[in-house]
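> Kindly generate the complete structure, drawing on both the sequences and the hints.
Chains as they are written, first to last, in our numbering: chain A, -2 to 346; chain B, -2 to 346; chain C, -2 to 346.
Some clues are possibly wrong.
Here are the simulated SDA-like pairs of lysine to any residue, each with C-alpha atoms no more than 25 Å apart in a straight line [to be verified]:
{"hint": "1", "chain 1": "B", "residue 1": "Lys16", "chain 2": "C", "residue 2": "Lys302"}
{"hint": "2", "chain 1": "B", "residue 1": "Lys162", "chain 2": "B", "residue 2": "Tyr283"}
{"hint": "3", "chain 1": "C", "residue 1": "Lys88", "chain 2": "A", "residue 2": "Asn173"}
{"hint": "4", "chain 1": "A", "residue 1": "Lys302", "chain 2": "C", "residue 2": "Ile56"}
{"hint": "5", "chain 1": "A", "residue 1": "Lys302", "chain 2": "C", "residue 2": "Thr21"}
{"hint": "6", "chain 1": "B", "residue 1": "Lys92", "chain 2": "C", "residue 2": "Gln312"}
{"hint": "7", "chain 1": "C", "residue 1": "Lys16", "chain 2": "A", "residue 2": "Trp301"}
{"hint": "8", "chain 1": "C", "residue 1": "Lys92", "chain 2": "A", "residue 2": "Gln312"}
{"hint": "9", "chain 1": "B", "residue 1": "Lys88", "chain 2": "C", "residue 2": "Gln305"}
{"hint": "10", "chain 1": "A", "residue 1": "Lys88", "chain 2": "B", "residue 2": "Val313"}
{"hint": "11", "chain 1": "A", "residue 1": "Lys16", "chain 2": "B", "residue 2": "Lys88"}
{"hint": "12", "chain 1": "B", "residue 1": "Lys302", "chain 2": "A", "residue 2": "Gly74"}
{"hint": "13", "chain 1": "B", "residue 1": "Lys16", "chain 2": "C", "residue 2": "Arg306"}
If you want the footprint, here are the derived chain A segments under chain C, 3+ residues with CB under 8 Å [as the list claims (entries may be wrong)]:
{"hint": "14", "region": "146 to 160"}
{"hint": "15", "region": "310 to 316"}
Stretch by stretch, here's where chain A covers chain B in the computed footprint (C-beta under 8 Å, at least three residues) [to be verified]:
{"hint": "16", "region": "148 to 160"}
{"hint": "17", "region": "286 to 300"}
{"hint": "18", "region": "303 to 309"}
{"hint": "19", "region": "312 to 323"}
Don't read these hints as lab results, they were simulated from the structure. Beta carbons: idealized from backbone N, C-alpha and C, even for Gly.
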Amino acid sequence: MFPLNQWYVAGFSWELQDKPIARTLLNQHVVMFRTGSGEIAALENRCCHKSLPLSCGTIEERGVRCGYHGLLFAPGGACLEVPGQARIPVKARVKAFTVVEKDQILWIWMPREEGGTPTCEAPDYQVHSDPRYRFRGDVFHYDAPYQLIHDNLLDLSHLGYVHLKTIGGNAAVHMNAELKVEAAGDQVRVLRYMPDSSPPPTYLGAWPFAGRIDRWQEVEFNVSHLNIWTGGADAGTADMRDPQRGGFHMRGFHAITPETETTAHYMWTMAANSHPDRPDMTDLVYEQTALTFQEDKEVIEAQWKNMQRHSGAPQVDIHVDVGPNRARRVIERLVKENTQAAPQPVAVP
Amino acid sequence: MFPLNQWYVAGFSWELQDKPIARTLLNQHVVMFRTGSGEIAALENRCCHKSLPLSCGTIEERGVRCGYHGLLFAPGGACLEVPGQARIPVKARVKAFTVVEKDQILWIWMPREEGGTPTCEAPDYQVHSDPRYRFRGDVFHYDAPYQLIHDNLLDLSHLGYVHLKTIGGNAAVHMNAELKVEAAGDQVRVLRYMPDSSPPPTYLGAWPFAGRIDRWQEVEFNVSHLNIWTGGADAGTADMRDPQRGGFHMRGFHAITPETETTAHYMWTMAANSHPDRPDMTDLVYEQTALTFQEDKEVIEAQWKNMQRHSGAPQVDIHVDVGPNRARRVIERLVKENTQAAPQPVAVP
Amino acid sequence: MFPLNQWYVAGFSWELQDKPIARTLLNQHVVMFRTGSGEIAALENRCCHKSLPLSCGTIEERGVRCGYHGLLFAPGGACLEVPGQARIPVKARVKAFTVVEKDQILWIWMPREEGGTPTCEAPDYQVHSDPRYRFRGDVFHYDAPYQLIHDNLLDLSHLGYVHLKTIGGNAAVHMNAELKVEAAGDQVRVLRYMPDSSPPPTYLGAWPFAGRIDRWQEVEFNVSHLNIWTGGADAGTADMRDPQRGGFHMRGFHAITPETETTAHYMWTMAANSHPDRPDMTDLVYEQTALTFQEDKEVIEAQWKNMQRHSGAPQVDIHVDVGPNRARRVIERLVKENTQAAPQPVAVP
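This is the structure we're talking about:
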């Protein structure tokens, strides 16, 4: 089960090119496209005639045309044309999802009841248009349930074991870092500060540090995505807890959208600032990040496979699990709300 | 379920070479071979000793020899030899199927009750020996139930969307073609005529048309196979409904034999006539046809996968479904007959 | 079900290098490693924290360190370290198996009840240290239940059909060979002698025979492994039933350890003596043997696949099945013993 009546990330603007794309989101099989006239759409990925995925079809000015017998569907789901037949059957339509495009992110509303409409605005993510940063991103597929990815991102202590080659650095420093967990509403924040530590390889490649650095990791968990602000400044030169601090900044957007109960999409971007004396390092940062996330994927998929082998085996908690466990309680509470009855009108006698 | 007490196509003569071949037909695991002395055979593909597939064995003068301990089986299923043992156990035999070879087609009888014998002759297909035509064919495997292939072949309106590169042509012409559906007994015929239309790429490659053509598509559905007569003549030069019409002729033999409830064999040949002024175009026609059928396979397998994802979702019928739906009723009726009790002798008091 | 309270082969000494290895044995997911200090260990392959396989971790002086958050486990299963946390949780430990290393073979005790300790010594296999022989071996994985491999090894009559290219030779000779089956306790012995027969290709490659040979095959079945002594001497020069006979000797060690009910590990070595006039033939014998066992694997996996297709179909026994059937009765009896209640103290009134 997943929290519903929520915005989830369905993809990124740059994915909508000349072909429709198929993606399963929370067990819903969705086709997404941008019509010739520029409208974006998310429909159930099944022609109502012979069930061919509409993602096998072609995009036209007014919608998507099925690749089997040519039925044409509008972004709202209505069938606009049945070739060779004047009358369009009343039932000829496909389910449509509410989808909005903001900050190059495609947000889809996943209602509790079919046809339910959004009860709030889709989230903002201003980093994508902040001139101080440049970013690139990607979409990874996980053979693992979405909450294992939450766990991973809310507990960055694994960096010293999993990511030695990129953003890791010394394991002991990570494990002994000062850790603060805050929770409010549906958000959880995990803050870690590592003063006077060695800069890891990715940082050294991207920024001309003088020597040791003060390093920060600020993780903000939201139901649909995590924002992870990390970075470092020359040791002792700034207050690393100050949001206006200088130095090298990586701003990670990590949307985790369940595909099914046991698989997930990991849709991420990584933005970074450039040092004035250095050429643009966006590609380097992207490549190192992709490598890092590939390492996480291998670990998490191995973990999930093993959890299935040892189904029901108990797990022992340690100090790093505080943040992940908070987020699990948020998800648990929201999932419960899915099935709670809507408030009933009081019967007046 | 499949119609039983029927001949089905098991393969083609040219497939029986020096090795036995394994093929599952209507859930029966069959090994087929031609003995050294020329007899053809279809046996259950399992040695009665240790269950090795007999298709792992070798062909000899008198039958097939198991590749594990060398038991030899005759085309009728009897064990002829147990190496190292004089006495052949009474139970040492394998199930045999009735199989006949006609017109380079291998027909297998699929009885309602085990051991049931044919109640009619296997079908003829004289095109394979008609001197006006040359042909080639192939065996495709489908990850889709057999009736989805029937649907596809009985509704050639999809040509304008699926087969633009080969035999398609203008979508509107296909969708608006005059269509006639006839049914009689277990046969369904779908006739489509497209006067004064543009010749599609395959036709242009194979025949020197003067310009626009009168084009015909005559589909004859039988339980085990469809005959599809298509072709075209220079527009206005002949009555395209006349079986003796001139022009370019493609004669397709399309045997669809269920492998299981959800997979099928598509065993086809395509014959064509050659224009006296042109070199033999058999290979071109074969290659274009194979390409076309590959396109169908991709569409139908994508359709089936999606039907499974959306199990039970309703489909909306349109005008092109008349022929396919007729054929589905034939199959439905025949499947029902499988389970009807045989006529009972009347008890005389 | 498998016989329990038994030693099984878990692997070979040379497999324990710088990385831990994962292997499932009798449905137990095991990680094996040799610590930096030289101790060997077999643990449940799951970190008790977040369930990552310990085989994804790294070997240290004192044990294996998990590749996710760095927990360190000793060969006995105790957690020695939780990075960043002083106190080690009481439940932080993983299940350990009793494992011993003898003759370059890793033996694992599979107890009837969890935590049960060995009731006997692990078997010896002195061939591995006998100066007359040199050996090499390998570990094969089988998609087939372990008893099908027993059947195969206890009935060498299949050599004439399956292994013509290597150790086979004339099929009739194999099928008509004198055969003796002996059983005692949990052992079964199958003895076959083929006087005055043609040496097969592998023999000819490894030994300078004068012409025809007296050939022996002595198979000894044990629950965890089979010893197969085969070889040949120039015809008429020695008593081939005498253990002190001369000629060419192949000593096969064939450990078959169930992985699951339907898959198995086949861990084998092949030792042979060298003729004084010839260079060392160990590599040739190894390669020919590996080729032979690959042929067996293909046959047995095809057999198993077909047994599943024809689930429940009866099999007809022939003369060669006496040895295999004896061994099946041993297994059956031992499996029954697994579930027999331990002797109950008599209630004194």
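> Honestly, which of those hints from before does the structure not fit?
Number 11 - this is the single hint that the structure violates.
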